[in-house]
Amino acid sequence: MKRAIHTAAVVFLSLVVLCALFAPAVAPHSYDRQFRESPNAASSREFPMGTDDLGRDRLSRLVYATRVSILLAPAAALVSVLVALVMCALSGARSPVADAAIGGFTTLSLSLPWIFLFIILRALLPLNTRPGTSILLTFGLMGIAGWAWPARIFRATIRQMLESGWLLAARASGIPPARILLVHVWPHLRDIAIAQFRVLIPTYILSEASLGLLGLGVAEPLPSWGNLLTELQHPGRVQENPWLLAPLVLLMLVMIALETLQPVREVAS
Amino acid sequence: MRRLGQSGTRLLSSLIPLALIVLAGGFLAAALVRYSPGFDSIPEDLDPNISPATLRALHEKHNRENSLPRFYAHYLGRAAHGDLGISENLKTPVSELLRERAPVTAKLIAMGTAGGWILGGLLAWMAVWTRRTAIEAAAFSITGLLLAIPPAVLALAFFFYEAPLSFALSLALAPRVFGTMRAILGECYHSPALLAARSRGLPPASLAATYILRSAAPQLTALMGMTLVIAFGSAIPIETLCDVHGFGSLVMQAALARDMPLLCGMTLVITLFITLVHTAGDLAQR
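Quick mapping for you: the protein sequence lines, in order, are chains G and V. Each residue of the first sequence is one higher than the one before, counting from 1 in the working numbering. Each residue of the second sequence is one higher than the one before, counting from 1 in the working numbering.
Just so you know, the hints here were simulated from the structure itself, not pulled from any lab data. Hints are not guaranteed to be accurate.
Estimated spans, in silico, between C-beta atoms of each pair [claimed, not checked]: (1) GLU96(V) with LEU136(G): 47 to 53 angstroms; (2) ILE192(G) with ARG56(V): 50 to 56 angstroms; (3) GLU96(V) with VAL17(G): 39 to 45 angstroms; (4) ASP83(V) with SER43(G): 21 to 27 angstroms; (5) PRO69(V) with ALA100(G): 40 to 46 angstroms; (6) GLY140(G) with ILE16(V): 30 to 36 angstroms; (7) ILE16(V) with PRO235(G): 49 to 55 angstroms; (8) LEU145(V) with GLY55(G): 32 to 38 angstroms; (9) ARG56(V) with LEU21(G): 53 to 59 angstroms; (10) PRO24(G) with LEU145(V): 29 to 35 angstroms.
Quick reminder that beta carbons are idealized off the backbone N, C-alpha and C, glycines included.
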C-alpha cells in the first residue's frame, strides 16, 4: 500500500513538473493574452476553466503559474542551503570569533519570523517592480531569509565533527582547511544538505502562496499559485465558478505528494 | 545558597545573549531606518531660495548628525524611556500603536495556540495510545491535509463563514504540534517506567500527569516556544486578509507605507518577545 502511494506521488509530481517545464506547449494560450470580448467567461470548450476579469484564460495561467511556483521553490531552497553551507564553512574554518559571530547572526535570524523579515526587506525595495524582477526578489529573498534553519543544523554537525579524533588527525597532519572541508567534512554534510533542501521546497511553495495572497509575491501579469489564490478573496465568485479553486487544489495535491515522499512532519517538529 | 548562586549565574548567562540579540535586532532595524529611501532628504530640499552650497552644507550636517552609531544610540536612549518615535504613516506614537494592537494579536495567538495544542495533542495521543493502524493513518491524513493548506486560505474560509479566526490558526498549528507530540508520546510509551506503571493498571490521567508531563516537560516547553513563533508568523497574513486590527496587519501597513519608525519599533518588540520565548525554552531544557 505504502509503495503504491509512493509511486502515485512520484508519477503525479513528474507529470506536474513536465507540465511546468513544457508550459508553452501544454497551455492553450499565453498567460497574458487578453480575450477582451470575453472577460469573466464561464467554462467552455475554448476556455475550460473560464477567463478572469481581464479576459485571460485561467487554465493557461494555472499552467504557467505551476512553472513559476514549482520550479523556483527548489531554486530558493538551493540558495538557502548554499548560503547556510558557506556560512558554516566559514564558521568552522575560521577563528572562534567568526564562529561566535555567525552563531549570533543565526540566532538573530531565527529570532524574527521569516515572514516579518521578508515583509521588512520587501518594504525597502521598490513596490512597482517588473514581473521578472519580482520573481527574482520573491524567491531570492526567500532563499536568503531562510538560511538560518539549515545553518543551525550544519553548524551543530560541523562542531561535533571538529571535536572528533579523525578530524583532529587530519588537521594535525597538515591538510589545508579547504581540503579538509571538501574531502572530510562535505561527505558527512551531503545527506543533511539534501534532506534540508527537500524539506525547504514545500515550505517555500507555501510561503510563496501566502505572500502572493498578501500581494507581496510575484507581480502581475506573471501568474504564480500565490497570486492566482487572490481570487479566493471573493466568496460569491467561488460559489459561481468552482474552478477558481483549481490553483488551491493543485497546490494541495503537490504538497501532499511532496509530504508523501519525505518526512516533512518530522522535520517541521 | 550555592544552588541559588548557580541558578543566578545560569539566568545571567541566558540573559546576556538575550540582551545582545535584542540590541542586534534593534541595530538591524535602525540600519533599515537610516538607509531607507528618502531618509537623506531634508525639508530645505524643497526651498528654491537656498543656494546649492548651503544645501550641500546642510546635507553634510544632516548626515553627520545621523550617522548610524549616533542614530542608534539616540534611538536606544529614547526607546529606554518608552519613546519609539512617531509613525510617519499613522501620525501616532509607535508605543501607543503597539499598546493598542498587541492585545488583539495576543488573544488570537493565545486562543489559536491553545486550540492547536488540544487538537494536535489529541491526535498524537490517539495515534500513539490506541496502537490502531486505522486511527494512526487517519491522524496522519488529517494533519497531512492541514499542512498542505496555506494558513491564510484557512483563515479566509473561516472569515467567510464567520467562524472564529483563532480556529484557523489552531488548524494551521495542529500538524506541527502533532509531529513533535507524537514523537514525545511515542518515546514515553516505550519507556520501561511507563510500561511498569501500565502493567500495574494505573488510569490514563494519572499516567499522563505522573509519567508523561513530568518527564517530557522540557521538550513540551520548547515546543510551546516554537508554536508561539509559528503562530506569530501565521497571524500576519491572517490579520491582514481578514481585516483584524492587530500587530500583524500593522506590520503590513507599515511595510506598504514604508513607515520605518513603526517597523523599527516592531522589530525591537518582536525580537524581544521571540528571544524571551526561546530563552524560556532553553532554561527549561537545562
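Going down the list of hints, with the structure as the test:
1. Range check, GLU96(V) to LEU136(G): about 38 angstroms between beta-carbon atoms, so the 47 to 53 angstroms window is missed.
2. For ILE192(G) and ARG56(V), the Cβ-Cβ distance of about 55 angstroms falls inside the hinted range of 50 to 56 angstroms, so the restraint holds.
3. Between GLU96(V) and VAL17(G) the CB atoms are about 51 angstroms apart, so this pair departs from the stated range of 39 to 45 angstroms.
4. Between ASP83(V) and SER43(G) the CB atoms are about 58 angstroms apart, so this pair departs from the stated range of 21 to 27 angstroms.
5. Against the hinted window of 40 to 46 angstroms, the Cβ-Cβ separation of PRO69(V) and ALA100(G) comes to about 21 angstroms, which falls outside the hint.
6. GLY140(G) and ILE16(V) have their C-beta atoms about 35 angstroms apart, which keeps the hinted 30 to 36 angstroms range intact.
7. For the pair ILE16(V) and PRO235(G), the beta carbons lie near 51 angstroms from each other, so the given range of 49 to 55 angstroms is met.
8. Our hint of 32 to 38 angstroms for LEU145(V) and GLY55(G) holds, since their Cβ atoms are close to 34 angstroms apart.
9. A C-beta distance of roughly 55 angstroms is found between ARG56(V) and LEU21(G), which places it inside the suggested range of 53 to 59 angstroms.
10. Distance hint check for PRO24(G) and LEU145(V): the Cβ-Cβ separation is about 33 angstroms, which falls inside the suggested range of 29 to 35 angstroms.
Checked against the numbered hints given earlier, this structure breaks hints 1, 3, 4, 5; the rest are met.
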